[in-house]
Amino acid sequence: MAVNKDMKILVIDDFQTMRRIVINLLRQLGFSNTYEAVDGQQAWERIQADRDFDLIVSDWNMPNMTGLELLEKVRAHPDYKELPFIMVTAEGKRENVIMAVEKGVSNYVVKPFNAATLKQKLTRVIGDF
Amino acid sequence: MQNVDLQKRLEEIEKADGMVPVAEVRELLVAVRELFEGGQAGEVSLGDELSDLAGYINAAKSELRAFADMKLADKEIPDASDQLDAVVKATEAATDQIMDACESMERNNTALRQRLLDVDPPLDPDVLASVDDMLGESQKRLTNIFEACNFQDLTGQRIQKIVSTLRNIEQQVLRMVILFGMKQSGEATTEAVVQERMEEARQAKESGSLENGPQLPGQGLEQDDVDALLAKLL
Chain A
1 MAVNKDMKIL VIDDFQTMRR IVINLLRQLG FSNTYEAVDG QQAWERIQAD RDFDLIVSDW
61 NMPNMTGLEL LEKVRAHPDY KELPFIMVTA EGKRENVIMA VEKGVSNYVV KPFNAATLKQ
121 KLTRVIGDF
Chain B
130 MQNVDLQKRL EEIEKADGMV PVAEVRELLV AVRELFEGGQ AGEVSLGDEL SDLAGYINAA
190 KSELRAFADM KLADKEIPDA SDQLDAVVKA TEAATDQIMD ACESMERNNT ALRQRLLDVD
250 PPLDPDVLAS VDDMLGESQK RLTNIFEACN FQDLTGQRIQ KIVSTLRNIE QQVLRMVILF
310 GMKQSGEATT EAVVQERMEE ARQAKESGSL ENGPQLPGQG LEQDDVDALL AKLL
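Residue numbers (the working numbering), protein chains in the order written: chain A, 1 to 129; chain B, 130 to 363.
It is worth saying that the hints were derived from the structure and are not from the lab. Since the structure is predicted, the reported quantities are computational estimates derived from the model, not experimental observations. One thing to keep in mind: the hints can contain errors.
Pairwise CB distance ranges (calculated) [what the hints assert, rightly or not]:
| id | chain 1 | residue 1 | chain 2 | residue 2 | range |
| --- | --- | --- | --- | --- | --- |
| 1 | B | Asp247 | A | Ile98 | 38 to 44 Å |
| 2 | B | Gln300 | A | Gly30 | 48 to 54 Å |
| 3 | A | Gln16 | B | Asn273 | 18 to 24 Å |
| 4 | B | Leu257 | A | Val125 | 35 to 41 Å |
| 5 | A | Gln16 | B | Met305 | 37 to 43 Å |
| 6 | A | Arg46 | B | Leu358 | 38 to 44 Å |
| 7 | A | Arg124 | B | Thr319 | 54 to 60 Å |
Here are the simulated PhoX-like pairs of lysine-lysine, each with C-alpha atoms no more than 20 Å apart in a straight line [as the list claims (entries may be wrong)]:
| id | chain 1 | residue 1 | chain 2 | residue 2 |
| --- | --- | --- | --- | --- |
| 8 | A | Lys119 | B | Lys269 |
| 9 | A | Lys93 | A | Lys8 |
| 10 | A | Lys103 | B | Lys361 |
Over the 10 Å line for every Cβ pair with chain B, so calculated as not near, a few chain A residues [as the list claims (entries may be wrong)]:
| id | residue |
| --- | --- |
| 11 | Lys8 |
| 12 | Phe15 |
| 13 | Arg46 |
| 14 | Ala49 |
Built from N, CA and C at the ideal position, the CB exists for glycine as well.
Kindly generate the complete structure, drawing on both the sequences and the hints.
Printed below as a string of structure tokens:
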């Protein structure tokens, strides 16, 4: 099945420049229907309000609610438990990756990353595009 | 004289009517001096510890003063956390400028490509292909610049490590509290026991923490390592 390039993507990071980088790289890959949140709490409110996001791309270390806590909430909710969730984070220890997988992450990108890596991880989660 | 005995003796003197023998006063003074200077071989001196702490704080303040001289904001920045905020904001502003310029160039490239396609009569196909290749190459370089802007996020997180300077001060204070506590209970304040107590306090605080931030080169997992681990787990 062809990937819908108009899929709705929520990009979450407490650093505005990082959100901008991810959004720019997604646009270059053909995905322009992107939205932003500054932390897990705001993201969770947005996810519940809009109810139609197709993909979450989230940092881990954020105030109010971390990316891991957001992932737990998403996976615990019956409406979002299958929602694709990619962690993009500087947390590069083995135990971080294991914990994220245990909580149900779809894929994991370590900062700094490049466009090719992001594309590869996206492909793994949503299919070839 | 043990600390418990010292306290008891002081209480007795407070309650006593009349003069206190000089010998007893001398004994008390020696005991108080030992409390601060360390009476037994191998015991830590509280006076030395206080002196070390004061020296550490002064050194930290000198280093932070050096940052303030860089005039990172419009006015002098006396506070460590304000300095950290200023550094992060400065790099964020610079990164925004870089990305503004890149996005503008992307729009220009797109407009140029379309303009060339719209030329009437049409341009030579070989020329068009050649220009298209060059525009593609330009786009790749713009992508590289966006990727390089990862630095702002990583430096912002690394700067948080400077906060460890403040945490080190916290550790020094903890050490002092432990030492005083041990003295109060009459324990021998050997370095080994002090270190053991500090480690217990540190482990109690840090157990279960997964928020460690960017790793130094060679210490965290590279993307290939993460992929290999994911391949086993997913």
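Here is how each hint holds up against the structure:
no. : hint                            : result
1   : B:Asp247 - A:Ile98: 38 to 44 Å  : violated (54 Å)
2   : B:Gln300 - A:Gly30: 48 to 54 Å  : holds (51 Å)
3   : A:Gln16 - B:Asn273: 18 to 24 Å  : holds (21 Å)
4   : B:Leu257 - A:Val125: 35 to 41 Å : holds (36 Å)
5   : A:Gln16 - B:Met305: 37 to 43 Å  : holds (41 Å)
6   : A:Arg46 - B:Leu358: 38 to 44 Å  : violated (30 Å)
7   : A:Arg124 - B:Thr319: 54 to 60 Å : holds (56 Å)
8   : A:Lys119 - B:Lys269             : holds (14 Å)
9   : A:Lys93 - A:Lys8                : violated (30 Å)
10  : A:Lys103 - B:Lys361             : holds (15 Å)
11  : Lys8                            : holds (22 Å)
12  : Phe15                           : violated (5 Å)
13  : Arg46                           : holds (21 Å)
14  : Ala49                           : holds (27 Å)
Violated hints for the displayed structure, listed by number in ascending order: 1, 6, 9, 12.
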